[in-house]
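Protein chains in written order, with my numbering: chain C, 54 to 467; chain P, 54 to 467.
A portion of the hints provided could be inaccurate.
No copy is singled out in the list; a pair is fine if it fits within one copy or between any two copies.
Said to hold, decoys possible - Mimicking EDC-like on lysine to aspartate or glutamate, the simulated pairs with C-alpha atoms at most 20 Å apart in a straight line are:
{"#": "1", "residue 1": "K342", "residue 2": "D294"}
{"#": "2", "residue 1": "K246", "residue 2": "D265"}
{"#": "3", "residue 1": "K260", "residue 2": "D245"}
{"#": "4", "residue 1": "K73", "residue 2": "E231"}
{"#": "5", "residue 1": "K232", "residue 2": "E85"}
{"#": "6", "residue 1": "K232", "residue 2": "D75"}
{"#": "7", "residue 1": "K222", "residue 2": "D408"}
{"#": "8", "residue 1": "K329", "residue 2": "D288"}
{"#": "9", "residue 1": "K94", "residue 2": "D119"}
{"#": "10", "residue 1": "K215", "residue 2": "E378"}
{"#": "11", "residue 1": "K285", "residue 2": "E147"}
{"#": "12", "residue 1": "K261", "residue 2": "D245"}
{"#": "13", "residue 1": "K246", "residue 2": "D408"}
These aren't lab readings, by the way, just hints derived from the structure by calculation.
Protein chains: 2
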Amino acid sequence: MSYIENMGINAKLASKELNKLDTRTKNKILLEIADNLENKKELIKSENEKDLIAGREKGLTSAFLDRLTLNDNRIAGMVEGVRQIAKFADPIGEIEKGFRHENGMEIKKVRVPLGVIAMIYESRPNVTIDAAALCLKAGNSIILRGGTDAIYSNVVLANIIKEVLINNKLEFAVQLVEKPEREYINQLISLDKYIDVIIPRGGRGLKKAIMDNATIPVIETGAGLCHTYIDKFADLNKVKDIVVNAKVQRPGVCNAMETLLIHKDLLQEVLPNLSKELRALRVELRACKECLPFVQDGILASDKDWDTEYLDLILSIKAVNSLDEAIEHINKYSTMHSEAIITESLENANIFTRDIDSACIYVNASTRFTDGGEFGFGGEIGISTQKLHARGPMGIRELTTLKYVIVGNGQIRG
Amino acid sequence: MSYIENMGINAKLASKELNKLDTRTKNKILLEIADNLENKKELIKSENEKDLIAGREKGLTSAFLDRLTLNDNRIAGMVEGVRQIAKFADPIGEIEKGFRHENGMEIKKVRVPLGVIAMIYESRPNVTIDAAALCLKAGNSIILRGGTDAIYSNVVLANIIKEVLINNKLEFAVQLVEKPEREYINQLISLDKYIDVIIPRGGRGLKKAIMDNATIPVIETGAGLCHTYIDKFADLNKVKDIVVNAKVQRPGVCNAMETLLIHKDLLQEVLPNLSKELRALRVELRACKECLPFVQDGILASDKDWDTEYLDLILSIKAVNSLDEAIEHINKYSTMHSEAIITESLENANIFTRDIDSACIYVNASTRFTDGGEFGFGGEIGISTQKLHARGPMGIRELTTLKYVIVGNGQIRG
Numbered sequence: 054m055s056y057i058e059n060m061g062i063n064a065k066l067a068s069k070e071l072n073k074l075d076t077r078t079k080n081k082i083l084l085e086i087a088d089n090l091e092n093k094k095e096l097i098k099s100e101n102e103k104d105l106i107a108g109r110e111k112g113l114t115s116a117f118l119d120r121l122t123l124n125d126n127r128i129a130g131m132v133e134g135v136r137q138i139a140k141f142a143d144p145i146g147e148i149e150k151g152f153r154h155e156n157g158m159e160i161k162k163v164r165v166p167l168g169v170i171a172m173i174y175e176s177r178p179n180v181t182i183d184a185a186a187l188c189l190k191a192g193n194s195i196i197l198r199g200g201t202d203a204i205y206s207n208v209v210l211a212n213i214i215k216e217v218l219i220n221n222k223l224e225f226a227v228q229l230v231e232k233p234e235r236e237y238i239n240q241l242i243s244l245d246k247y248i249d250v251i252i253p254r255g256g257r258g259l260k261k262a263i264m265d266n267a268t269i270p271v272i273e274t275g276a277g278l279c280h281t282y283i284d285k286f287a288d289l290n291k292v293k294d295i296v297v298n299a300k301v302q303r304p305g306v307c308n309a310m311e312t313l314l315i316h317k318d319l320l321q322e323v324l325p326n327l328s329k330e331l332r333a334l335r336v337e338l339r340a341c342k343e344c345l346p347f348v349q350d351g352i353l354a355s356d357k358d359w360d361t362e363y364l365d366l367i368l369s370i371k372a373v374n375s376l377d378e379a380i381e382h383i384n385k386y387s388t389m390h391s392e393a394i395i396t397e398s399l400e401n402a403n404i405f406t407r408d409i410d411s412a413c414i415y416v417n418a419s420t421r422f423t424d425g426g427e428f429g430f431g432g433e434i435g436i437s438t439q440k441l442h443a444r445g446p447m448g449i450r451e452l453t454t455l456k457y458v459i460v461g462n463g464q465i466r467g
Numbered sequence: 054m055s056y057i058e059n060m061g062i063n064a065k066l067a068s069k070e071l072n073k074l075d076t077r078t079k080n081k082i083l084l085e086i087a088d089n090l091e092n093k094k095e096l097i098k099s100e101n102e103k104d105l106i107a108g109r110e111k112g113l114t115s116a117f118l119d120r121l122t123l124n125d126n127r128i129a130g131m132v133e134g135v136r137q138i139a140k141f142a143d144p145i146g147e148i149e150k151g152f153r154h155e156n157g158m159e160i161k162k163v164r165v166p167l168g169v170i171a172m173i174y175e176s177r178p179n180v181t182i183d184a185a186a187l188c189l190k191a192g193n194s195i196i197l198r199g200g201t202d203a204i205y206s207n208v209v210l211a212n213i214i215k216e217v218l219i220n221n222k223l224e225f226a227v228q229l230v231e232k233p234e235r236e237y238i239n240q241l242i243s244l245d246k247y248i249d250v251i252i253p254r255g256g257r258g259l260k261k262a263i264m265d266n267a268t269i270p271v272i273e274t275g276a277g278l279c280h281t282y283i284d285k286f287a288d289l290n291k292v293k294d295i296v297v298n299a300k301v302q303r304p305g306v307c308n309a310m311e312t313l314l315i316h317k318d319l320l321q322e323v324l325p326n327l328s329k330e331l332r333a334l335r336v337e338l339r340a341c342k343e344c345l346p347f348v349q350d351g352i353l354a355s356d357k358d359w360d361t362e363y364l365d366l367i368l369s370i371k372a373v374n375s376l377d378e379a380i381e382h383i384n385k386y387s388t389m390h391s392e393a394i395i396t397e398s399l400e401n402a403n404i405f406t407r408d409i410d411s412a413c414i415y416v417n418a419s420t421r422f423t424d425g426g427e428f429g430f431g432g433e434i435g436i437s438t439q440k441l442h443a444r445g446p447m448g449i450r451e452l453t454t455l456k457y458v459i460v461g462n463g464q465i466r467g
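Given the sequences, and given the hints that come with them, work out the whole structure.
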């Protein structure tokens, strides 16, 4: 039996045990994991240092190394995250609806775990803890395949979880693929006999490869080519704050804006000041031909820009002739994550929110709010950009499914 | 541009128009389709006759030809189905939940259409009408690829729909793939740029091929290897009716029972009479070694039987030593559709419903109830046997998704 198949079998068995646990037991395990993380803080930092040294030798960017770093603060954040997940309501066992069939049978739709989840992600090691804690709370076992640049960090974190799980006779509820070869990813995404869902979290290339090759249902998360459209009827006092926040507050995340669309009648009034503001915040500006004369220190955008998720202090800017043209541009280039309109027109707000085909659509607010915490889910395992099962921020509830339980006393169909 | 790509583009454009329609307009279109079907009854029958003639020449089985036949009764049933779908509540626009963020933004989760659905199905031509009507009601456009043995019937039905759609400026909301080559199926399931969901409805082979090759999310439907377990604590008065109904009432459908499991202590008491009853109804009985001596006119089952969806008057019978063994057998061989336990033990009922990993789990009732009509959804587009998005019977609501609409007055993230 192969390495991955063996993990799959063990994960499936563990998921059956997890499904039997009551909420109190699951919370106790989560709190033990939090304590164990806290106690092993120094070990985590020293293992993380090995990744950082290797990363520096490899010449990884400072932004990358920053995301990779686990310091006291970040470890405290992970610990706090797990304790919060322990506090959240348990969705398992909820009866979503129930009714009596005319023949007397009771038909209930009950919330249950998904089963076994496999998560393939890049190099932020805190995802290892977040994903494991959310899955455990939802009664799922999980197989984690993190980025190879974080391997020492991920191994130590997975072992800290495992110690607690062994004490609770759930050794295989959380497993980490420790072998770095990509071949194991291919095996993982076709292990449909044991794995119920694949959640990739990372760049477009990774996700496309997984979608094309998986034989297991996939939930795509986190690609965010987000737009903000300044409508003809925008309140210009709202423009600067919303645009700057969406682009600058945290440019490296998926809900940051990448493209600004602006109604052609507003170019002269809006762009000179706005671009000055953005340049002062060191944002590179790539503008269409029509906008360029009004953009301070801008460069001409190419067609490729409309299709690029920068995840950086770069903004593309494009003039449009109408609301319809803005909608068409967004539906063509968006990754269906988050888009915003700035307008005082109720009609235009309604058309925009109706016709944009994205997970989260904002009127007069920053796209940066698309986040499990902001939406009240506590933690999140990712932002789904697909339409099936879960859309937008995915919390504990999005890691569950429903089944029908029908109780009768001998009913047969006539 | 290829034949299929062209259909995809047109379907996507049509889906945008559908998304703008109010409920009244959608219902008007559905009623016009129903009227047009009624008016063209004779044409439908004469085109259907061409399929039947070709089918007889090809030597198709009488069961197959029966499913293919459109007579007055069945056409009236289709018409009635469409009129019922017009009457159902429209889920589009429902606000599933909504709340105010502490910064004052209103966050709403709103039900919206999925977009473009492609359905690939076998030769029952009434599916053409059911699927089109359900999709239209849910605001989706649909591309249909029916079985080649029903091509004349499907073409005439699609044209009857199209006449109505043209009059309502929605020509491409329902399209039929008329070219029979399987190559077009492959193109369809990788047209992720325009199609949002693939729903295959048919045999395991078709579905496996689609799951393995699609680059679009798939909802698997309709594979039904259903079990009934006679527990040690069964009320023996309930056994015969439930077992006979689950096997015999309509053996060719996915919610019919294929395997009967029975606690080893009950073999002598239950099997002789039960098997006599089933034999009288012409059910072929394939029993395990332990059961065989008690089964009238039985033959020895092979391992392959536990893994076979007969869709016919054949039943496999197996003794188990315990409830746990029954659960293990079911979770191993089931297609996760519908399973039943016959028991008076509350504890065993609870364990069975908790531990069985299927869409619908019955206590003391026939598996034949898994059906959109019985569950109160009116029509159904299929029975989902996967865990993501929709599980069990899929009605109009399961053909929708949700998006977040957030309305603020200038909020930014701190």
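For each hint, the structure was consulted:
no., hint, in the structure
1, K342 x D294, "neither (25 Å within a copy, 76 Å between copies)"
2, K246 x D265, "both (18 Å within a copy, 13 Å between copies)"
3, K260 x D245, "both (18 Å within a copy, 13 Å between copies)"
4, K73 x E231, "neither (28 Å within a copy, 50 Å between copies)"
5, K232 x E85, "neither (27 Å within a copy, 61 Å between copies)"
6, K232 x D75, "neither (34 Å within a copy, 54 Å between copies)"
7, K222 x D408, "between (50 Å within a copy, 18 Å between copies)"
8, K329 x D288, "within (19 Å within a copy, 81 Å between copies)"
9, K94 x D119, "within (18 Å within a copy, 70 Å between copies)"
10, K215 x E378, "neither (53 Å within a copy, 29 Å between copies)"
11, K285 x E147, "neither (46 Å within a copy, 29 Å between copies)"
12, K261 x D245, "both (18 Å within a copy, 11 Å between copies)"
13, K246 x D408, "between (39 Å within a copy, 17 Å between copies)"
The structure does not agree with the numbered hints 1, 4, 5, 6, 10 and 11 stated previously, though it agrees with the rest.
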